[in-house]
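Participant: Listed here are the chains, written in short residue letters.
There are 2 protein chains.
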Amino acid sequence: MPRQVDHDLRRRQIAEAVWRLATRGGLEDVTLRQVATEAGVSARLLQYYFGTRDQLLLGALEILNADAERRARQRLELLGDDPGMRALVRGVLLELLPLDEERHNRHLVYVAYFVRFLADPALGAAAREAPLALENLVAGLLTRGRELGEVRPEVDTEAEAAFLVAAAEGLQSRVLLGQHPPERAVALIDRQLGLVFTSG
Amino acid sequence: MPRQVDHDLRRRQIAEAVWRLATRGGLEDVTLRQVATEAGVSARLLQYYFGTRDQLLLGALEILNADAERRARQRLELLGDDPGMRALVRGVLLELLPLDEERHNRHLVYVAYFVRFLADPALGAAAREAPLALENLVAGLLTRGRELGEVRPEVDTEAEAAFLVAAAEGLQSRVLLGQHPPERAVALIDRQLGLVFTSG
DNA sequence: TGACCCGTGGTACGGTCGCACCACATCAGG
DNA sequence: CCTGATGTGGTGCGACCGTACCACGGGTCA
Numbered sequence: 021m022p023r024q025v026d027h028d029l030r031r032r033q034i035a036e037a038v039w040r041l042a043t044r045g046g047l048e049d050v051t052l053r054q055v056a057t058e059a060g061v062s063a064r065l066l067q068y069y070f071g072t073r074d075q076l077l078l079g080a081l082e083i084l085n086a087d088a089e090r091r092a093r094q095r096l097e098l099l100g101d102d103p104g105m106r107a108l109v110r111g112v113l114l115e116l117l118p119l120d121e122e123r124h125n126r127h128l129v130y131v132a133y134f135v136r137f138l139a140d141p142a143l144g145a146a147a148r149e150a151p152l153a154l155e156n157l158v159a160g161l162l163t164r165g166r167e168l169g170e171v172r173p174e175v176d177t178e179a180e181a182a183f184l185v186a187a188a189e190g191l192q193s194r195v196l197l198g199q200h201p202p203e204r205a206v207a208l209i210d211r212q213l214g215l216v217f218t219s220g
Numbered sequence: 021m022p023r024q025v026d027h028d029l030r031r032r033q034i035a036e037a038v039w040r041l042a043t044r045g046g047l048e049d050v051t052l053r054q055v056a057t058e059a060g061v062s063a064r065l066l067q068y069y070f071g072t073r074d075q076l077l078l079g080a081l082e083i084l085n086a087d088a089e090r091r092a093r094q095r096l097e098l099l100g101d102d103p104g105m106r107a108l109v110r111g112v113l114l115e116l117l118p119l120d121e122e123r124h125n126r127h128l129v130y131v132a133y134f135v136r137f138l139a140d141p142a143l144g145a146a147a148r149e150a151p152l153a154l155e156n157l158v159a160g161l162l163t164r165g166r167e168l169g170e171v172r173p174e175v176d177t178e179a180e181a182a183f184l185v186a187a188a189e190g191l192q193s194r195v196l197l198g199q200h201p202p203e204r205a206v207a208l209i210d211r212q213l214g215l216v217f218t219s220g
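In the order they appear, the protein sequences are chains D and A.
The opening residue of the first sequence carries number 21 in the working numbering; numbering runs sequentially from there.
The opening residue of the second sequence carries number 21 in the working numbering; numbering runs sequentially from there.
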């Protein structure tokens with residue numbers, strides 16, 4: 021084998037350019053030439069590493085998803101062993117809010133892709149799984165919390181989980197549009213958690 | 021004046037073509053030629069009635085907003101005089117869900133525009149007002165309901181309003197992506213309303 | 001050392017884009 | 001009856017699009 025190059029690194033470098041352009045002007049602005057310029061490589065390389073434009077869009081999304089999962093796992097681990105169910109649920113929900121630049125941009129990218137999710141089966145598959153998994157995760161945590169007495173016994177954990185995740189997603193949009201400051205979104209989540217959990 | 025034509029009608033006809041294309045493939049697919057074909061008019065007419073592409077996008081959005089407000093008002097009036105605060109709040113929130121084709125498509129169009137809202141000040145202005153007004157409307161209804169004894173006295177009406185609107189918006193996304201059936205979204209809203217209102 | 005393949009650049013082509021421009025009906029007012 | 005604004009169609013232009021294709025440096029293995 022001749023000259024070795026870190027393919028994953030190159031792909032990531034290109035994917036990041038895709039994200040930046042998508043957050044600025046939507047998928048419209050994600051042209052091969054623009055991505056190449058933004059990534060500082062020749063347009064030919066995009067073809068080499070991703071193939072067609074559709075594959076580039078899909079590839080960039082997959083890398084984003086992988087990143088999101090890794091970062092989320094990191095942040096949850098940061099809570100330490102046995103952080104309590106409330107802190108865990110809170111951590112999961114806050115992952116949906118654009119509380120730092122990384123999450124801000126990530127959610128912006130998802131929005132740019134949104135309409136495509138409906139039309140393109142390959143993209144849709146990559147996007148449909150995550151949120152439902154999140155909902156089930158929260159539902160599981162709430163059920164566990166109810167068994168431990170941390171969650172009020174009358175709570176319908178499945179419904180509450182779906183509602184909490186949806187609310188977090190809605191708050192995300194408001195923060196992105198600058199209609200709420202991030203702290204208010206967090207406060208609103210905490211308020212609802214106060215209604216669900218027994219700990220005062 | 022020579023040959024008279026209903027400008028508003030023509031503009032609406034063209035705007036509807038914009039919406040259809042935007043819901044199918046995002047703003048990428050909203051090209052002048054495609055819109056002209058979809059609307060069954062010549063491309064030249066788009067220039068005549070809207071000017072540049074940016075103006076077309078803005079104009080189509082404004083017509084959509086006007087429609088949305090009119091339809092919402094209609095549906096609320098359908099509730100009759102003195103429908104009770106809970107029914108009113110419910111009506112406002114359900115307006116945010118894609119419960120019929122009209123609302124489904126409308127929200128899809130908003131999503132297609134979303135990223136643009138952040139970059140284009142003119143579009144952003146048209147989009148930023150509505151949701152905050154909605155939140156204030158709900159907050160007012162809740163406060164009034166609390167005075168009437170329909171809302172539990174311990175409810176923070178402003179926070180609850182913000183949370184409810186955000187949740188409705190989040191549920192909207194889930195329904196659009198087909199992750200929840202519309203009835204489940206309604207049920208989740210009703211469940212939360214049950215926690216807020218005394219009537220049960 | 002020569003064959004070979006990986007990684008990279010450049011470029012060319014057919015197509016579509018937004019938009020400006022020109023031509024021409026139609027019909028009200030002088 | 002003609003003048004001129006209104007409404008409509010067509011066409012052309014320069015730019016940019018996605019992508020296929022060609023060329024080539026450089027490192028690896030026989």
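The set of hints was computed from the structure by calculation and includes no laboratory data.
Quantities reported herein were computed from a predicted structural model and do not represent experimental measurements.
Here a beta-carbon is modelled for each residue, glycine too, at the ideal position from N, C-alpha and C.
Don't take each hint at face value.
[To be verified] One side only, chain D facing chain A, incomplete, derived with CB under 10 Å:
no. : residue
1   : V61
2   : S62
3   : A63
4   : L78
5   : A139
6   : L184
7   : L191
8   : Q192
9   : H200
[As the list claims (entries may be wrong)] Okay, the calculated beta carbon distance ranges per label pair:
no. : chain 1 : residue 1 : chain 2 : residue 2 : range
10  : D       : T218      : A       : S219      : 42 to 48 Å
11  : D       : R93       : A       : A86       : 44 to 50 Å
12  : D       : E122      : A       : L119      : 43 to 49 Å
Participant: Are the hints correct? Go through all of them and say.
Facilitator: Quick rundown of the hints versus the structure:
1. V61: 23 Å, violated
2. S62: 24 Å, violated
3. A63: Where the cut-off is 10 Å and the nearest Cβ of chain A is about 19 Å from A63 (chain D), the hint is violated.
4. L78: For L78 (chain D), the interface hint is violated, since the closest Cβ of chain A sits about 15 Å away, which is over 10 Å.
5. A139: 6 Å, holds
6. L184: Since the shortest Cβ distance to chain A is 8 Å, the answer is holds.
7. L191: 5 Å, holds
8. Q192: 8 Å, holds
9. H200: Nearest chain A Cβ about 7 Å off; hint holds.
10. D:T218 with A:S219: 42 to 48 Å: This hint is violated: roughly 26 Å between Cβ atoms.
11. D:R93 with A:A86: 44 to 50 Å: For R93 (chain D) and A86 (chain A) the Cβ distance comes to about 46 Å; the hint holds.
12. D:E122 with A:L119: 43 to 49 Å: 35 Å, violated
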